[in-house]
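So the protein lines, in turn, are chains R and B. Residue numbering for the first sequence follows the working numbering, starting at 209 and increasing by one per position. Residue numbering for the second sequence follows the working numbering, starting at 61 and increasing by one per position.
Hints are computed from structural coordinates only; laboratory data are not their basis. Do not take every clue at face value.
Claimed, not checked - Below, computed lysine-lysine pairings styled on DSS-like, alpha-carbon distance capped at 30 Å:
hint: 1; chain 1: B; residue 1: 516; chain 2: B; residue 2: 553
hint: 2; chain 1: R; residue 1: 396; chain 2: B; residue 2: 553
hint: 3; chain 1: B; residue 1: 258; chain 2: B; residue 2: 547
hint: 4; chain 1: R; residue 1: 396; chain 2: B; residue 2: 176
hint: 5; chain 1: B; residue 1: 221; chain 2: B; residue 2: 547
hint: 6; chain 1: B; residue 1: 221; chain 2: B; residue 2: 176
hint: 7; chain 1: R; residue 1: 396; chain 2: B; residue 2: 547
hint: 8; chain 1: B; residue 1: 465; chain 2: B; residue 2: 435
hint: 9; chain 1: B; residue 1: 516; chain 2: B; residue 2: 547
hint: 10; chain 1: B; residue 1: 547; chain 2: B; residue 2: 152
hint: 11; chain 1: B; residue 1: 221; chain 2: R; residue 2: 396
hint: 12; chain 1: B; residue 1: 553; chain 2: B; residue 2: 435
Since this is a predicted model, take the numbers as computed values, not measurements.
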Amino acid sequence: MTVIIESGYTLPSGDEPLSRARIAHSLNWLSGGTATASSTASGFFANAPINTLTYERWKPSSVPATWEYDHGSAAEADYCCIAAHTLGTNGNSVQAQYWNGSSWQNLSAVIAVTSDEPIMFIFEPETRQRWRISITGGTAPEVGVIKFGTAMQMQRPIYGGVAPIPMARQTILRSNYSETGEYLGRTKQRTYLSASYSWQHLTSDWVRANWPDFQQAAETEPFWLAWRPSSFGDVAYCQIDETPVPSNMGIRDLLSVSMNVRARGYE
Amino acid sequence: MSEAPVGREPIQLVEILQPLCENVFGVSPCTATGTADTKCYNTRGTCQDTANFALGTPLSLFFSSGKVGAQSVDGAPYIFPSLVSVSTSPTKVNLAGASDNAKGLGNRALCTIRFKDFQHTDRLVDPYVDGRSWDPLSSDRGSFWARWLVRNKYRTNIQVKVYEGYAGQTLAQMTQRLYIMTSVSKQNSNGDISMECKDVLTRLEERQAQVPEASAGVLFTNITDAATSFEVANAVQAEYDAIGTLRIGDELMTYTARATSTNGIEFTGVVRGTDNTQAEEHDVDASVQQCIRYENAEVIDVLLDLMQTRGGLSAAYMADFVDGHPSYEEAVNYLSFARITRLLTEPYGISELIADMAEQVQFFIWWEETEQLVKLRAIRGFDVAPDTLTDEANIISGTFSLADKPKERASQVWVYYGQRDYTQGDTDVNNYENQYVIADLESETEELYGSASIRKIFGSWVRAGIIAQSTATKLSNKYVDTPTQGKFRVDIKDGDYQIGDTFYISHYLDVDQFGSRRARPWTVVSREEVVSNEVVEYVVEETGLYGRIYFIMASGSGGYDPDNVSFTSGYIGNADGVLSDGTTAARIG
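Let the hints inform the model, and build the full structure from the sequences given.
Take a look at the structure:
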């Protein structure tokens, strides 16, 4: 489960319930700040997780380790997302925290990470300047992308038709057979994860207020998507090949929108 | 046989070993000055103090396809996910110099690597990135490859390694092939980059390596046909050997000393008109060419001198030619009878010289990419029991083919040897004292092939009749009938056979006149992984006619025991040439 919800989380007034998708994209995450780390192994970069490139990574020299994002001024966030990491492989536990001016406060419990699937911490909104993740246990992991921000909350839930993203593997398989039909060998090539998401009955006001930002963000940067955080831990760090365009359903002022995403494989 | 997993996930990485200056901009000994924005990139193309440019450890840039870049590979911490494909055209050795389509040393291994261009942070490739005032990711700062190509203007001869392995392996566990970058082409606005690489033996090709080097010296004055000392201008002493042979015009002469003189260099102790040439008068400004003489030399020594000492190949690449290593042992065991002689009186391409030698003495050399070694193997019979590849257990369905090579048939082999005058053409039959001929005239009759096919070999390295005889015999044995070449593919699990290895093939398409399978020995002349770490394509030549090698056993050895016999132990057969269990006995010949 890589959706990690703050202990004792209370849904803020006016927020959509956690049965609705949460999307972290480049126009709702904090940017423009600086990154520091407790240590950085040779060949890796402390500020690599600030951009969305998955092949540039931070790796601490040892654990326990922390990676901090200083926004420069106080700003609100209700999520922390992590992608392109090896926290599961390296057997780490992770915790999101913020600085209250005198000490680090927890945004989550210490969570043992069991896979390298993208992570989305969800917590009650905090307005702070400094944020960090704290890593304990296991061996030094690699982390490609870390973002703090305020999530886009879809207005309607998704009821069906969603493939669990961890299993949506697009794997190419090839086999060799001898002249007489004997099995000689098989090759697989893992590529990426592929899934479709569709929402119905979105009000015109909601779409006009929220969707254009998402379109612009998704055209330039990858984004995280947790399609039903209250029930499933599935989180995708994904991109689109085509901008999702809302369509009028012909029912009052309701619209629908769907998109095909291509998510980064992690195992 | 390898233990490659039957079900597997191949991984391919490319490493570019970018030359890098070990100095720091503006820090002694580097005297360059400038702002943070005008600093160099520690490459020769961007250097602002070339006098103090000092190559250090190269910068390793790893590339892979996105799916691999998303994974971690131990040993390659930073992987650019921009690799599109790696395609190779394999080394193809020219057995016995028979193929007109594979000149010289055979076909060089080529490697074409395609990349996609991308925006990049300049981390890793710019040592001063943190100080610059711009963001390299911004769209007005160019892309990775656009910048890299400018910064690395002098990129030919950069080493490029291709790693092939399986998911979960470390870099060190993967197979690696070494190439030399020769060009980058097809950079276009679609973001495609195509990089051409060749194997290391490319450095020996004619345009890159000539021996002897052209001497710059010219006669300072006219000399008579009896002069035993003279001065040479336009050159320095170090350009000529302390003792050696010179060529002026069509005359060869030896000298016993040379020293710096008033007008350049003075040669003394000169013996005129050596090596079957005539002493002549020469005019001022005539070129004075240093010659290289090999006299009754071992093949392995000449190869080392040409490739390593004069051709500049790294000693590491030639390690297999050192005493105790396989190529050295091969030469000692199978080529030591062939002492070779030649006087090089003008510049020749090293690859051409070696190709001539290989044809005349019957061996082949090739670049073994995975071991990163130059290898040698004599043309000979096989001395270990070959494996058998079958259409049931090894050969991939629909990939097997056989083809005749009629142009390579030779009903007569003429070997000219004992070159008279090394200043004259080495393909002129009148310039050789001796000729050895083997002819199978029956094969030229109407009932058989209906025409002669004459193979002429000009033995520019050969003085001894034994070499000419050996070469002619091998060629005649192999090529009196139209040779056959086979091609097929196997799964990577059966892909460990390398160039020069021999195996039997049992396939339903290769049968005798009665339709029975004939398991013939074939030798690998080309190996290519047509799908990386998945499918290997072999090109093989039928080499059974070179025979099987036996050794005469020591006195007192036991009698023939079919259950306990070494593959190379030679036993005398009965009058029919067979042993007690019907096995064909060894034969001297």
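Do the hints match the structure? See the list:
1. The hinted pair formed by residue 516 of chain B and residue 553 of chain B fails the criterion: a straight-line CA distance of about 42 Å is larger than 30 Å.
2. Distance check on the hinted pair: residue 396 of chain R and residue 553 of chain B sit about 15 Å apart at the alpha-carbon level, within 30 Å; holds.
3. Between residue 258 of chain B and residue 547 of chain B the CA atoms are separated by roughly 23 Å; this keeps the pair inside 30 Å, and the hint holds.
4. Restraint check for residue 396 of chain R and residue 176 of chain B: satisfied, since their Cα atoms lie roughly 23 Å apart, inside the 30 Å limit.
5. For the proposed pair residue 221 of chain B and residue 547 of chain B, the alpha carbon gap of about 27 Å is at most 30 Å, so the pair holds.
6. Between residue 221 of chain B and residue 176 of chain B, the direct Cα distance comes to roughly 18 Å. Compliance with the 30 Å bound is thereby established for this hinted pair.
7. For a cut-off of 30 Å, the pair hint linking residue 396 of chain R to residue 547 of chain B stands: about 26 Å separates their Cα positions.
8. Proximity of residue 465 of chain B to residue 435 of chain B is assessed by CA-CA distance (about 26 Å); at most 30 Å being required, the pair is judged to hold.
9. With a C-alpha separation of about 28 Å, the suggested pairing of residue 516 of chain B with residue 547 of chain B holds against the 30 Å cut-off.
10. For a cut-off of 30 Å, the pair hint linking residue 547 of chain B to residue 152 of chain B stands: about 13 Å separates their Cα positions.
11. Restraint check for residue 221 of chain B and residue 396 of chain R: the C-alpha separation of about 24 Å stays at or below 30 Å, so the hint holds.
12. Among the hinted pairs, residue 553 of chain B with residue 435 of chain B is consistent with the structure: their alpha-carbon atoms are about 23 Å apart, no more than 30 Å.
In this structure, only the earlier hint numbered 1 is contradicted, and the remaining ones agree with it.
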